[in-house]
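One line per chain: the protein sequences are A and B, in this order.
First residue of the first sequence? That's 1 in this note's numbering, and the numbers climb one at a time after it.
First residue of the second sequence? That's 1 in this note's numbering, and the numbers climb one at a time after it.
A few of these clues could be false.
[Unchecked claim] Distance windows between CB atoms, simulated:
hint	chain 1	residue 1	chain 2	residue 2	range
1	B	R55	A	G329	40 to 48 angstroms
2	A	A384	B	S289	49 to 57 angstroms
3	A	A361	B	T140	22 to 30 angstroms
4	A	P294	B	R55	41 to 49 angstroms
5	B	R55	A	D241	31 to 39 angstroms
6	A	G329	B	T238	40 to 48 angstroms
7	B	S289	A	D241	36 to 44 angstroms
Hint data in this document are derived by calculation from the structure and do not stem from the laboratory.
Backbone N, C-alpha and C fix where the C-beta goes; we use that ideal spot for every residue, glycine too.
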Amino acid sequence: MSSELPRTLKQYRHAVRAHELSAEEYLDETRQLIERGDPQVKAFLHLRLDAARSDAQAADPSSPLAGAPIAVKDNIMMAGERCTCGSRILEHYVAPYSATAVRSLLAAGAVVPGKTNLDEFAMGSSTENSAFFPTHNPTDLTRVPGGSSGGSTAAVAAGFALGAIGSDTGGSVRQPAAFCGVVGFKPTYGLVSRYGLVAFGSSLDCIGPIARSVRDAAIMMNVMAAHDPKDATSVKRPHVDFEAALQPTLAGKRVGIIRELQGLDVQPEIAAAMETARKAAVKSGASIVDVRVPHILSALPAYYIIAPAECSANLGRFDGVRYGLHVDGRDMTETYSRTRNAGFGTEVKRRILIGAFVLSAGYYDAYYKKASSVRQLITDELDAALQSADVLLTPTTPTTAFRLGAVTDALEMYKADVFTIPANLAGVPAISFPAGKDAAGLPIGLQLMGPRWSDAELLSSANVFFTALGGES
Amino acid sequence: MTTTIGLEIHVQLATQTKMFCGCSTAFGDEPNTHVCPVCLGLPGALPTLNAQAVRLATRIATALGCTVHEVSEFSRKNYFYPDLPKSYQITQFDRPIATGGSLPIVTERGARSVRLTRAHIEEDAGKSMHAADITLGGETLVDFNRCGMPLIEIVTEPDMQSGDEAYEFLRNLRRLVRWLGVSSGDMEKGAMRCDVNVSVSPDPAKRGTKVEIKNLNSFRSVKRAIDYEEQRQAQCLTDCTPIMTETRHFDEVQGTTTSMRSKEASNDYRYFPEPDLPLLQLDPTELESVRTQMPELPWEVQSRFERDLGLSPYDAALLTEERSTAEFFQQTIALYDNPKKVASYMGTEVARLLNERGKTLTETQLTPVALAGLLTMVEDNAISNTASKDVLPLLVDTGTTPMEAVRSLGLEQVSDTSALEGFAREVIAENTTQVDQFRNGKEAVLAFLVGQLMKKSKGKANPKLAGDTLRRLLK
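With the rest of the complex left out, here is chain A:
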């Protein structure tokens, strides 16, 4: 039976509805894969396989997800489960409520096998910043899975789940999806509720699906995209069926190539994959247009001011007073400082300090305010570029997955986000889809960006690229 196990959510749903497979049977198979593989991959921080099996038994086969195992990044609340954010400071924190996205998934028949590993508070691009252990890339265990949603992408790539959700603040869904050879989608800001996602950069954070196919991502979006009165930045939109919107061709579409990104140092196989994708687009009826986003290379520095600024405020609540780690000091101030010093890792501390600095009196205008202006400029430029093109095609990452421990310099690590950050600054949707492998057999990911609220069209375009480059429709 395991030889015929469905590889995608679509196949799984079909098999369950045709009574060829039950949700429990599939979960048992998944359990075996996890028990065999996860000691090496280390995708999960906590497993709940027994509970998941009961949930699978109770799952309605006619529900949208029909008892499919969907993994949840451990910075997203699921009531009664621990939610550590990959940090010592929340090591024993148990979620008192569920995130809206999790509630939507559960209501649609998803079964959660466990909570996945991440860079501490989603700050990192390799999942090596987890306070507990690094996750390994299932394709090559000596390599990182990317980050910060490395646990979720590794789980999907390794067959530990049919899909997963992650959070994407600067590429944290797309970059690890590229490294692991799966699909990672960052929706338009405001399309999926952030309620219950532990905030990192609130104006940038998006929950997005990680899946084995673009269609699977669309199926998950059908479940998660909804206005949430609990999130004031969630937007009311007309209902869209993302799966039904998938079209077979790119006929009439304009695919934009951003001129300012051409000169960037990109691994040759990735450049070649771009070329292959470009040809596939033309073959599918698209035209290729040259677009300009003059300030796009300022996105990275602007991001590394805005995201830390917001994180410095968002992470202030972890003070040891009400929950989480508490280390006593002689007075209140010392208690705060001891607790936070013991509870946070190096990268988190670095960003809190940068954030507090760029917001402080006398520096605010030069840093935070300036970065906000740059953000607005890039947003306007991207909006303009997306007037002359329907989608923008870029690599997801400059390189394929690097070896664990290979990148130690923080700035070098930040550069891994150069292609993914602009979409977060502008709030536009962006997706990474697998586009072949490099010489070492490591997955390559390419990215498509689209205009705000064009999520369905973007998924449709991505699906054409994905299938043309060998992916499963």
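Starting from the known structure of chain A, fit chain B onto it as the hints suggest.
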């Protein structure tokens, strides 16, 4: 010496639920019973704006003549304190909901207007209870019931010059917020809190060093603290000791202020726009309807009562302390057109009963119709003024009509001619001597005969009608 005073007043908006979550704003319940992931600042929780709080803020800002901005912005004010669970307060900084405006005050120096700098909306913090307040062996406990309560902070220009003026400003502001239903204005329950900035200068053209005073729990404390601070700073100037820019704490028992912290050591709050909340956009048509539906303001009503109805300043102030009282008064005089009489009756007889019962006018059964009816009966001689004082408690406590109350108390004056004639015939028959004297032209004897009739009627006869009846029968 010139004293310059500015106030920062926090007014709690009278909503059912908190500023950014659905928790109750009820006061005085068990600690930490009105809390949820949002107001506890639990990871992943997000704020959503209470539309009613915005409406109330818009109403008070409009009444104060502020420019209410169609677009304003929330910001995060960052600082660490155990009663601030998110480590930041959601407030407004660069772009407040309202700027400008003023509030009139009347003091010994006459009527004047105190300008306002701005008004912004924000959430309250929790309440820390230190070892001094409770027996906890030195621990500090926090009650988060108050955390997230909706506030509007009103900041004045430094336009006041004495504790009396500050006191009057606060009184008038409290009257206004109650009048508009924007807040209970109850300082004891923390629904209105005030920080004061005071500076004293020997040169009226120059301003002295600004000192902030905190921990002011009543209007009287505000006045006392200012009075003390005025003297302290004046003494410093006389003694040539420097006045520090600092925050001082008012000690209610001693009536003095003591240094809390110097401004140099103050926090850098690292304000930045709150990314969890979109810009606050007010609908221009709604703003316009707030303006057009604004009731006549208390000081406007007060001066109208004085000017148009000839009430004394004292009565006019009393009747405009609460909007319901002013409305009661106006409804009463619409039925019984004697404003001074109504004002004086409300200010004495009604006020005394309310005082005895510890109730406000709206908490009793008394209606304008009943009060007007009662006063009309007195005027029509249906009952005596003295008897009306026995009737009023029934109207206040039971809500019965004056007619029924008079009847149930047996206080109606006998104005029925046949009844009076009966008494008159008896009096004439029993007092032949006096009757003869009257008939012989001794008019004064009539008073005696009326007195006899009153006695027979047990005081209920209408004296004027009694005289008329006797006169008619003796002709």
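request  = Go ahead and decide if the range 22 to 30 angstroms is satisfied by the Cβ distance of A361(A) to T140(B).
outcome  = Distance hint for A361(A), T140(B) holds at roughly 29 angstroms.
query = How does the Cβ-Cβ distance of R55(B) and G329(A) compare with 40 to 48 angstroms: does it lie in that range?
reply = holds (44 angstroms)
task = Confirm or reject the claim that R55(B) and D241(A) have a C-beta distance inside 31 to 39 angstroms.
result = holds (38 angstroms)
ask   = Taking the CB of S289(B) and the CB of D241(A), does the distance hold inside 36 to 44 angstroms?
value = 40 angstroms Cβ-Cβ, so the 36 to 44 angstroms window holds.
request  = Indicate whether the distance between the beta carbons of P294(A) and R55(B) respects the range 41 to 49 angstroms.
outcome  = Check passed, 44 angstroms falls within 41 to 49 angstroms.
key: Range agreement (Cβ of T238(B) with Cβ of G329(A), hint 40 to 48 angstroms)   = Taking Cβ atoms as reference, G329(A) and T238(B) lie about 45 angstroms apart, which means the hint holds.
Satisfaction of the hinted span 49 to 57 angstroms by the C-beta atoms belonging to A384(A) and S289(B) = About 39 angstroms separates the Cβ atoms of A384(A) and S289(B), which means 49 to 57 angstroms is violated.
Of the numbered hints stated above, the single one contradicted by the structure is hint 2.
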